[in-house]
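Position chain H against the provided structure of chain Y, taking the given hints into account.
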Amino acid sequence: MAQYQLVHFNLNGKDVERMVDVRASLTDMLRNDYHMTSVKKGCEVGECGACNVIIDGECFNSCIYLAVWAEGKRIRTLESLMGPNGELSDIQQAFIEETAVQCGFCTPGFIMTAVEILESGKLYTDAELRKLLSGHLCRCTGYENILRAVKKTMYRRLGLPMPAEPEA
Amino acid sequence: MYDMKALYQAASVEEAVALRLEHPAAQIIAGGSDVLVQMREGKRAGAELISIYGIDALRGVSMEPDGTLRIGSLTSFSHITRDPLIQKYINVLGEAVDQVGGPQIRNIGTIGGNTCNGVTSADSASTLHAWDAVIELTGKNGVRRLPIRDFYIKAGEVDIRAEDGEIQTAVLIPKESYEDCFGHYIKYAMRNAMDIATLGTSVNVRLSADKKTVERARVAFGVAGPVPLRAATAEAMAKGQIVSLELAERFAQAVTADINPRDSWRAAKDFRLHIAVESAKRAFIESVKLAGGEL
Numbered sequence: 001m002a003q004y005q006l007v008h009f010n011l012n013g014k015d016v017e018r019m020v021d022v023r024a025s026l027t028d029m030l031r032n033d034y035h036m037t038s039v040k041k042g043c044e045v046g047e048c049g050a051c052n053v054i055i056d057g058e059c060f061n062s063c064i065y066l067a068v069w070a071e072g073k074r075i076r077t078l079e080s081l082m083g084p085n086g087e088l089s090d091i092q093q094a095f096i097e098e099t100a101v102q103c104g105f106c107t108p109g110f111i112m113t114a115v116e117i118l119e120s121g122k123l124y125t126d127a128e129l130r131k132l133l134s135g136h137l138c139r140c141t142g143y144e145n146i147l148r149a150v151k152k153t154m155y156r157r158l159g160l161p162m163p164a165e166p167e168a
Numbered sequence: 001m002y003d004m005k006a007l008y009q010a011a012s013v014e015e016a017v018a019l020r021l022e023h024p025a026a027q028i029i030a031g032g033s034d035v036l037v038q039m040r041e042g043k044r045a046g047a048e049l050i051s052i053y054g055i056d057a058l059r060g061v062s063m064e065p066d067g068t069l070r071i072g073s074l075t076s077f078s079h080i081t082r083d084p085l086i087q088k089y090i091n092v093l094g095e096a097v098d099q100v101g102g103p104q105i106r107n108i109g110t111i112g113g114n115t116c117n118g119v120t121s122a123d124s125a126s127t128l129h130a131w132d133a134v135i136e137l138t139g140k141n142g143v144r145r146l147p148i149r150d151f152y153i154k155a156g157e158v159d160i161r162a163e164d165g166e167i168q169t170a171v172l173i174p175k176e177s178y179e180d181c182f183g184h185y186i187k188y189a190m191r192n193a194m195d196i197a198t199l200g201t202s203v204n205v206r207l208s209a210d211k212k213t214v215e216r217a218r219v220a221f222g223v224a225g226p227v228p229l230r231a232a233t234a235e236a237m238a239k240g241q242i243v244s245l246e247l248a249e250r251f252a253q254a255v256t257a258d259i260n261p262r263d264s265w266r267a268a269k270d271f272r273l274h275i276a277v278e279s280a281k282r283a284f285i286e287s288v289k290l291a292g293g294e295l
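Quick note, the sequences are listed as chains Y and H, same order. Numbering (full-length UniProt numbering) for the first sequence: 1 to 168. Numbering (full-length UniProt numbering) for the second sequence: 1 to 295.
Just chain Y, same shape as in the assembly:
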């Protein structure tokens, strides 16, 4: 017997509401009801981070988050980063510059974690950044370019010069 519930929440700055099947994950709802296709279905068991979104300021894997739990929350997906004329945000541009994107499937999840990191306004060490980014799997890039893109944007936003890379 199907069970539905009305779920109101704020999606990328806009208040929305929809009747939702209680069996839906937040990934299901964001993709199917709101067409937020940046939210990827990867492992669907909370390991790969491809479905990562920001809920009330913290990152969550939306695949293991019930859609009905979104009630009253503020949810941000990658779509929220786009400028009024379709411009990319600084962190997205940095991913392109550093070739931190290959197939692109992990990218939206990684970028939303990067957004949480960058919005903290803190200066992290490489070791801290690696740990903060560790909830995502990327099978293409080997992670170094992703780390560099996040680090570069962190330094830019803090108005600090990027330290020289240690020689290989």
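Among the hints, erroneous ones may be present.
[As the list claims (entries may be wrong)] Derived, one-sided and incomplete: chain Y residues facing chain H with beta-carbon distance under 10 Å:
1) N10
2) M19
3) R23
4) G42
5) F60
6) I64
7) Y65
8) G142
The set of hints was computed from the structure by calculation and includes no laboratory data. C-beta atoms are modelled at their ideal positions from N, C-alpha and C, and glycine is treated no differently.
Chain H in isolation, oriented as in the chain Y frame:
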């Protein structure tokens, strides 16, 4: 879509207790990072769920009038790590739960879920055992409190009475248990993130005022038996002894008297015994240093 039969949502502890009594076969879901994954794997497919995730009253860390540290059962791992009371009185717990899964898992995973699963590898479990945590359950008969070592019955089974409508409402650390204690946790796993402990070791010590003598040493392990366990022989041996590297060695060797790890695909029994001794030694030395001792 998850294959669930029905979802009941509680907004308060009273509602959760009432729902449990009404639907005795239903599974409680807190953050869901275990239950939903098991459901996806088919293990809990078709189950009824009672979601307690919306009970905000069970979130946060506070200090009770008698000095007991109270951790609401739905407090997430990341909030425990960042909490000033945890950092001040039982920092090792914040460090231990900062090694669970990855960042997103630490935002959804709760300390209550971690303990109610009854799994030996839970990163919070060995530290909570080592600090004599008390589990608070609330049901139709009111509040029941029991030591964490009595809470764990066997692998995957804890003393939570569905027939009484019980849910876990808090994890308590009594003042006597944390006062002047300093501890260290070592998770041994194959990766630094998104891995389950091959062995978890949590040691804490309280030293004499002159920092020369061990007043009390406690050590607990995860994955050294079917449930988290203490190594009482080693603890008794270290009590009242003069702090030294030689004591750290003897303390570490003594843990083998009480632990009983198994062979599994993750690691062999002999290997677990080896890392238990080595981790106990390192965690003991680190704890003594944190307590201000020299060795």
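Results of checking the hints against the structure:
| no. | hint | verdict |
| --- | --- | --- |
| 1 | N10 | violated (17 Å) |
| 2 | M19 | violated (14 Å) |
| 3 | R23 | holds (4 Å) |
| 4 | G42 | violated (12 Å) |
| 5 | F60 | holds (6 Å) |
| 6 | I64 | holds (5 Å) |
| 7 | Y65 | holds (7 Å) |
| 8 | G142 | violated (15 Å) |
The structure does not agree with the numbered hints 1, 2, 4, 8 stated previously, though it agrees with the rest.
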